[in-house]
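Chemist: As a plain string of letters, each chain reads:
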Amino acid sequence: MIGWISYIVFFLILASIYAIMALGLNLQWGYTGLFNIGIVGFFAVGAYTFSILATPDQVGHLGGYNWPFLLALLGAMVMSGIVALIVGVPTLRLRDDYLAIATIGIAVSIQLIANNLSWLTGGPQGIYNIPQPLANYFSSNLGYNLFFLGMMMFILVLVYVGLERMVNSPWGRVLMAIREDETAAGSVGKNAFSYRLQSFVIGAVLMGLSGALYASFIKYISPTLFMPILTFQVWAMLIVGGSGSNLGAIVGAVLVWALWTGSGTVVQWLLPADIQVKGGAIQIIVIGLVLMLALLFRPRGLLGERKEVAAEETKSKISNIQ
Amino acid sequence: MLEVRDLSKEFGGLKAIDGVTFEIRKNTITGLIGPNGAGKTTLFNTMAGVYAPTRGEILFKGEHIEGLPPYKIFHKGLVRTFQIPRPFPDMTVLENLMVVPAGQSGEHFWNNWFRPGKVREEERALRAKASEIAEFLNLSRVLHLQTKNLSGGQQKLVEIGRALMADPDMILLDEPGAGVNPSLLAEIIERIIELHARGITFLLIEHNMDMVMRLCDPILVMANGQLLMEGNANQVRTDPRVLDAYLGGEPEVEEAS
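Sequence order for the protein chains is A and B. Take our numbering: the last position of the first sequence gets the number 368, and nothing is skipped along the way. Take our numbering: the last position of the second sequence gets the number 260, and nothing is skipped along the way.
Hints may be right or wrong, so weigh each one.
Claimed, not checked - Only some residues are given here: those of chain B computed to face chain A with a beta carbon under 10 Å:
hint	residue
1	Lys75
2	Arg89
3	Val102
4	Pro119
What the hints assert, rightly or not - Covered by chain A, per the in silico footprint, the following chain B stretches (three or more residues, Cβ under 8 Å):
hint	stretch
5	63-74
6	109-118
Unchecked claim - Computed Cβ-Cβ distance ranges for the label pairs, DEER-style:
hint	chain 1	residue 1	chain 2	residue 2	range
7	B	Glu193	A	Ile147	47 to 55 Å
8	A	Asn187	B	Lys75	19 to 27 Å
9	B	Gly106	A	Thr270	47 to 55 Å
10	A	Glu228	B	His210	51 to 59 Å
For the record, the hints were derived by calculation from the structure and aren't laboratory data. We treat Cβ as the ideally placed atom computed from N, Cα and C, and that holds for glycine.
Excised from the complex, chain B in its bound form (with noise of 0.2 Å):
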């Protein structure tokens, strides 16, 4: 599904990703763990075109897509989230994730003068949609409310749903888990695996180790900008480089004595 071979992205003379090679097969949950800065975020923007790579190549379904602007990277299927949610403050719920579908007749503003009956007609069906992906989410209540208004965990929820509303092929989720009460929390990790059995695949970036050992199937670790290791969660746990990484110690030292 996506490649990334040889990725690098410096700043200045920092390295952020220094030759980056993985791939996510199709219909994965893959998690992304490392400590702070070691270039996940980074990662994530380069893929979603934030940031144009230093060297490198990231094939989406067979297709290049490093250097694309971030709208192009969408239209290929490949959407993300972010860290902090950025959902449209002023506009309502039903009009963040009605906003987003792309190829809306409506978006060309001749269309309003000339075809408003094929507009209206579309709004409606999108209207339904986000009535239901709402729905799905938890968020039918809150509906007519400007996203400003709601709490951290439902913004997560309204980004979610703006991804849902493309139907894409893959999701980049950015912390989907940080800042989030257990009961929310538990709701986002069931709503991904309900997604995930529909097909839709993920990569997700989290700091909340039970939820990437109970959903993530690879996990790959970053550190210092550098893909440390590729496993599953058990691995992940016995692998003393991830230890070391983690906790800056040196086990071999901690193993002798």
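Chain A extracted, bound-state conformation (with noise of 0.2 Å):
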């Protein structure tokens, strides 16, 4: 009983982390259609500002900082967020597929720091003994579990009613112009490079503040946690979940999360040990699946069915004044 509590727990955690990073690419894609697949890039930046910020004496390598807990998150969302401005001011000028290129670019140099830089990183050793918030005032691991998950979820709700009344704000009124017509909207005023670059910056520092949990949580971190498959991870939840909408991608990111693991252990299961590893290809073929599924079925997602509704909450905020 306890083992299946433990593991539920763990499992929402990690949960909520993708769900940060879901959110941070619905605001880029859904909302102002960035085409970002380098997700795990920013998350990668924010995962290891925030070790070298946070952790104690290190061996070998940069760090040794010993930041309180929330100084390195707030450090560790801004170095995303200056990458992303590194990528985005010369890119969102252009026509959207320089975005994808630049993107998948960063990312791809960035785990070659995180596996090269030795000096900066640690190298493949990656860097150890990463701190955990109040860690100390627990005894058992159950019980600091249930506090991190307390702590992800206050996080979680912020970020989403940070960004509802982002997007359902005369600044998302902006962004829902641009996309719609992009020439229109400068003919009454709208700078829409400066608006994507807001877009594309806040959703980046998201996935730098979902990097930094991520390696407060395992404590330890190296560049094999960093693939491209976190992209496609990340894609498949907010695709399924529902693009364009909010608590569509926190929920996709839970459903996408638990199929994942959940498949990863029946493969276990049913499975001899010499062929487990190979095994693991089944996770990325029932994703693909699902994600098949969902383009056929409800192609715009579990709950992403935003443009109507952005008309009839209009209507009913209206109603509401008058």
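Put the complex together from the two separate chains, hints included.
Modeler: Shown next as structure tokens:
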């Protein structure tokens, strides 16, 4: 029983970490139409920045700054934002394709840096002893994880409410106008580049936040954790849950992460030990299948019906005020 | 109000606008006519910032605006509409109008977190203004419809409404009368006259000569990228060069026979 509870708590913590990433992608893609296929890069920047800032003494690489948890979290977010600025400023004025190419390039570069720039990242050995907030106050592992889950829920709600306020606002309205007709939006005074950049950077900041929380939760990071498959997973979460819906991004994250870990467990039960490693491919097949089914039967995802909803919402808001 | 000096725009070797100079006085309704391919829309697009001119200057209220991006020209108080209407299709008429005004504090995303009260207050004022303009343009009935469900004529009115939401000094209208049924056309003309009386300067491209002759003074005539003449309705109507440009005939030969 305790085993199951521990597992579910562990699962929900990771799912909520993914949900924050999916929310970041939803702002970029669902609300702005920015095709970011380098999500894992921003996630990695967040994780490494947090680890370097928050860890106590380090041997052989940068770190040991021992920053308090919240400050290190903030530092990680700022650093992801800066990387997004560097990618976004030259590409967001150009056609969509350039952002896609640039993001995939930056994600690969960041992974290579993590693997090779040992003085900064610890190289293939990664970074150990990443601190967890308030860990001293808990004696049991489950107790601490329950606290961490509570913290994750709090952060997730904060991010969700913040995003909802943003997209259902004059800011979100301009974003929608730009997405629908950039030329017309320009003719009524809206600087499309500026809004796209804002959306891209804020989305990347969330991915960085997600990476920092991940590093703190698992206490150890290494370059193998930041492979392109992660980008694919987050995209699957958003598409299944419903692009353009913040709630959909969260639901999609939980669902796809459940399928991913679930299918992994099933493979372990069914297959003999010597081919279990190859069996991991089944996870990718399952997610691929779910993606195709979603696109066939619910092309807007489980909760992605935003367009009509937007008009409805406005109507109800107006009738509230009148 | 608006001065264009020796303006040229070339695409490759093609001179779409070729050394055009004119001035638009404050609080006039100026017409811009000419046969297809004369360069009218290119001139519009250059004034509105879609194209940077190859040569020449554009001054609006004494400030250089040539080469500025469209959104900056909008902020100077010069607003344009499109030949083929471009309302935001999935947004309602109300949203189309409310999105326009510059300097909304809710356009800074952080104000929606930290100053929601102020944003709400502004939204209320904006909604009142948008409703008023919708009423003026007879769009109240369709205020909550997505603009993709409106008729072509109504979409033109939404565009005019969007321009009005900006409290502009000058509006560039690109064929407000094209593809509009006669009763709606009469309404559009009436609205332009009313807005003119409120002090807005207009420049309009139009093929409907009836409308141009009734509304516009002066009228600019363009042909082959150049300004052919400028004058009032009578002068334009009787000028042989205008006839020549439109019909491609040779009036002098006709006169001789």
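Chemist: Minimum Cβ distance from Arg89(B) to chain A below 10 Å?
Modeler: holds (4 Å)
Chemist: Return the status of the interface hint for Val102(B): holds when the least beta-carbon distance to chain A is below 10 Å, violated otherwise.
Modeler: At about 5 Å, which falls below the 10 Å cut-off, the nearest Cβ of chain A leaves the hint on Val102(B) intact, so it holds.
Chemist: Tell me if Lys75(B) is really an interface residue toward chain A, meaning its C-beta lies closer than 10 Å to one of theirs.
Modeler: holds (8 Å)
Chemist: Between Gly106(B) and Thr270(A), is the Cβ distance one that fits in 47 to 55 Å?
Modeler: holds (50 Å)
Chemist: Please test the hint of 47 to 55 Å on the beta carbon pair from Glu193(B) and Ile147(A).
Modeler: Check passed, 53 Å falls within 47 to 55 Å.
Chemist: With respect to the beta-carbon atoms only, verify the hint that Glu228(A) and His210(B) lie 51 to 59 Å apart.
Modeler: violated (28 Å)
Chemist: Interface hint check: Pro119(B), Cβ to nearest Cβ on chain A, cutoff 10 Å. Holds or violated?
Modeler: At 7 Å from the nearest chain A Cβ, Pro119(B) passes the 10 Å test, so the hint holds.
Chemist: Are there at least three residues in the stretch 63-74 of chain B whose beta carbon sits under 8 Å from a beta carbon of chain A?
Modeler: holds (count 3)
Chemist: With a cut-off of 8 Å between beta carbons, are at least three residues of the stretch 109-118 of chain B near chain A?
Modeler: holds (count 6)
Chemist: Can you tell me whether the CB distance of Asn187(A) to Lys75(B) sits inside 19 to 27 Å?
Modeler: violated (58 Å)
Going through the hint list in order, the structure does not satisfy hints 8 and 10.
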